[in-house]
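A.B. asks: Spelled out, the chains give:
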Amino acid sequence: MADIRLKGVSKAFGDRQAVADLTLSIAHGEFVVLLGPTGAGKTTTLRLIAGLEKPENGTIHIAGRDATELTPAGRDVAFVFQQYSLYPHLSVYDNLAFPLRSPARKFGDGDIRARVEQVARLVRIDHKLDSRSTSLSGGEMQRVAIGRALVRRPAIYLMDEPLSSLDAKLRAELRLELKRIQADLGATVLYVTHDQIEAMTLADRIGILADGRLLQIGTPRAIYSEPASLHVAARLGQPAINLLPTGLLPDAAAPAGTTTIGARTEHLVIAKAPGGQGDGTVERVEHLGDQNHLHLTVGGRKLVTLTDPETDFGEGDAVRVRYRAPLFFDGAGNRIAVST
Amino acid sequence: MAEIRVENLRKEFGAFVAVRDSSFVVEDGEFFVMLGPSGCGKTTTLRMIAGLELPTSGRILLGGEGVSQKRARERDIAFVFQLFALYPHMNVRRNIGFPLLAQGMPKAEIRQRVEETARLLRIDHLLDKSVSGLAGGDRQRVALGRAIVRRPKCFLMDEPLGTLDTEFRDLMVHELRELHNRIRATTVYVTHDQLEAMSMADKIAVMNHGVIEQFGTPREIYDRPASMFVADFIGSPPMNFLSFHGGLERGTRAVTVQGARIDIPEVLEALEPADMALGIRPEHVRFDERSGLRGAVYGSEYLGTTQVVAVETADGLVKARVPADVKLSIGEPVGLALNPTRLSLFHRASGRAIRTANREEALNG
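If you read the protein sequences in the order shown, they are chains W and F. Throughout the first sequence, residue numbering follows the numbering used here, covering 6 to 345 in sequence. Throughout the second sequence, residue numbering follows the numbering used here, covering 32 to 396 in sequence.
Derived by calculation from the structure, the hints in this document are not laboratory data. Worth double-checking, as some hints may not be accurate.
As the list claims (entries may be wrong) - Restricting the straight-line Cα-Cα distance to at most 27 Å, the calculated cross-link-like pairs of lysine-lysine (DSS-like) are:
| id | chain 1 | residue 1 | chain 2 | residue 2 |
| --- | --- | --- | --- | --- |
| 1 | W | Lys133 | W | Lys111 |
| 2 | W | Lys133 | W | Lys174 |
| 3 | W | Lys133 | W | Lys184 |
| 4 | W | Lys184 | F | Lys234 |
| 5 | W | Lys59 | W | Lys12 |
| 6 | W | Lys174 | F | Lys234 |
As the list claims (entries may be wrong) - What the simulated footprint calls covered on chain F by chain W, stretch by stretch (three residues with Cβ under 8 Å from a Cβ of chain W suffice, anywhere in the stretch; the number is not a length):
| id | stretch |
| --- | --- |
| 7 | 218–227 |
| 8 | 309–316 |
| 9 | 327–336 |
Here a beta-carbon is modelled for each residue, glycine too, at the ideal position from N, C-alpha and C.
Given the sequences, and given the hints that come with them, work out the whole structure.
C.D. replies: Here's what the structure looks like:
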């Protein structure tokens with residue numbers, strides 16, 4: 006079984022704690038995404054699992070074996086990097102075949118051809134096998150890079166922002182393909198990114214990392230709708246969650262200890278106020294194409310929500326704003342759960 | 032006046048035509064975005080405006096003055112590159128003031144200008160700090176400061192936010208636009224990121240293979256794409272296309288797609304029978320059991336407030352953006368209703384949009 010278990014793993018670089026007491030289990034066939042900004046410890050975590058860094062504390066088990074002291078080659082993991090590092094002088098075929106031609110692996114030419122062709126079909130690059138890698142588009146190159154990781158059939162795939170150097174459209178396409186490939190292979194994947202859309206759409210579970218610590222791990226729905234803290238709540242959602250002090254609006258039965266109310270689009274009921282007497286005013290409606298943002302001011306605070314593309318709100322409209330089962334946070338920034 | 036006028040601009044690199052007879056006008060004070068995939072010619076166009084490349088043919092006028100064959104430093108512009116190089120051994124003040132020092136401006140005037148610029152960017156509290164200790168956002172602001180301190184006629188920016196984290200990029204997008212609202216300098220901004228373009232631009236030119244496919248406001252481009260390329264490049268996920276074959280008469284109000292009758296905006300031109308496509312954005316597709324256009328749920332991407340549901344139809348996947356609380360199971364049969372006021376029609380072979388009442392309304396209104 007190709008699972009990963011990290012227990013109490015820490016790693017510092019000088020006086021900077023890159024990963025702090027990280028405990029994390031990834032089940033066989035699971036797609037886990039670590040989400041966090043630059044410097045959160047995402048890449049270090051991957052490098053620790055790959056054996057490119059050694060932890061100061063803690064243990065790493067891969068496929069049931071203690072891998073903490075194993076060399077990278079002994080761990081049976083494949084790493085896909087942000088920059089697709091293909092061999093420019095080789096064809097697509099030879100780039101894909103390269104990991105199989107290592108002297109340590111004894112594959113016959115027929116075996117190699119069969120595997121390369123199978124993987125090429127999977128990543129939809131089979132029509133370009135004879136092309137030089139330099140003649141490919143960015144998306145094709147990254148497909149080859151992913152294919153090169155797949156061809157070895159490792160136990161574990163580690164992916165470090167593999168889509169971030171691509172343009173938005175290609176990124177969306179490859180996102181879908183990556184998820185399909187992972188599902189088809191039943192592969193175990195640990196993927197790191199700072200892109201919340203990638204995290205939401207790819208992950209079985211998302212882990213929120215900040216300053217080397219795992220703040221919360223759960224399904225995308227759980228992280229989005231039941232964030233443990235203000236920090237986690239602010240990581241997911243576009244536009245970002247509105248964090249408002251109590252007392253700004255009628256507080257919707259806020260539990261004792263609440264200091265901040267978190268309101269996403271679905272937690273607000275906004276309607277035009279009859280007679281112009283409302284809680285707030287529409288600042289503007291921002292049409293961003295597939296997202297339409299409604300900007301409001303309520304008691305000096307700015308709120309942003311999604312709105313219907315056919316919205317009839319206009320600048321200057323007085324609006325009545327009410328909460329609908331919002332999120333409640335205490336003074337320490339932790340969410341207070343309420344039973345619904 | 033710092034209007035930028037580009038007339039029949041063309042650039043060839045050997046046999047490769049990077050920019051093909053482009054013409055457009057960026058009005059004084061406008062924020063103009065050139066948007067397109069890599070290799071579409073947007074950066075080459077920008078470099079010609081900057082004077083870093085000379086056009087093969089065509090003209091460029093800055094504030095009414097022909098500059099096509101002038102050198103970069105003879106044009107009063109500031110170019111902001113993708114990767115900001117600050118001088119690491121200088122503090123913020125000296126980094127921002129450097130372009131003025133290089134021009135030989137008197138010290139007192141430099142001081143005043145640098146402080147004004149820093150206030151504008153809200154980094155005046157950092158002026159005496161070393162740049163090497165700054166956070167990413169502040170570094171970016173210093174780099175912007177160095178570009179605006181000269182008060183050039185216009186700014187040219189080549190994917191200045193390309194290397195930033197998404198969260199931080201969203202923040203900088205708003206800051207850049209707010210800065211623009213304050214100083215109103217004519218800006219040409221190149222990006223492949225449609226959200227940046229939609230959030231910041233007054234006008235967008237969508238480029239493909241060296242050609243401007245459409246020039247217009249963000250809403251025109253999103254709501255009424257001039258071609259299938261534009262419809263497909265903009266929007267995430269992009270516009271759905273549903274194929275049908277047939278001719279169109281003036282006044283046609285419905286077509287048959289996959290055996291279902293679909294109401295469309297009134298067609299305003301006559302077309303011979305050909306392969307056509309209906310275009311509809313995911314947010315204008317709704318589930319409706321009464322609709323004759325049928326499919327089965329293929330999968331769903333959860334996005335928090337909304338979800339994007341892919342539905343397998345006889346003509347491939349159609350995506351619908353619906354609220355996240357709509358519960359669907361994979362394989363479930365569904366009917367798809369398309370909002371007729373939001374439909375586009377395209378001629379497949381040429382890719383161009385067909386004239387309909389929706390489009391005319393937009394052009395006149």
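A.B. asks: Taking the hints in turn, state whether each one holds.
C.D. replies: We went through each hint and held it up to the structure:
no. : hint                  : verdict
1   : Lys133(W) x Lys111(W) : 26 Å, holds
2   : Lys133(W) x Lys174(W) : 21 Å, holds
3   : Lys133(W) x Lys184(W) : 22 Å, holds
4   : Lys184(W) x Lys234(F) : 36 Å, violated
5   : Lys59(W) x Lys12(W)   : 14 Å, holds
6   : Lys174(W) x Lys234(F) : 21 Å, holds
7   : 218–227               : holds (count 4)
8   : 309–316               : holds (count 4)
9   : 327–336               : holds (count 5)
Checked against the numbered hints above, the structure violates only hint 4.
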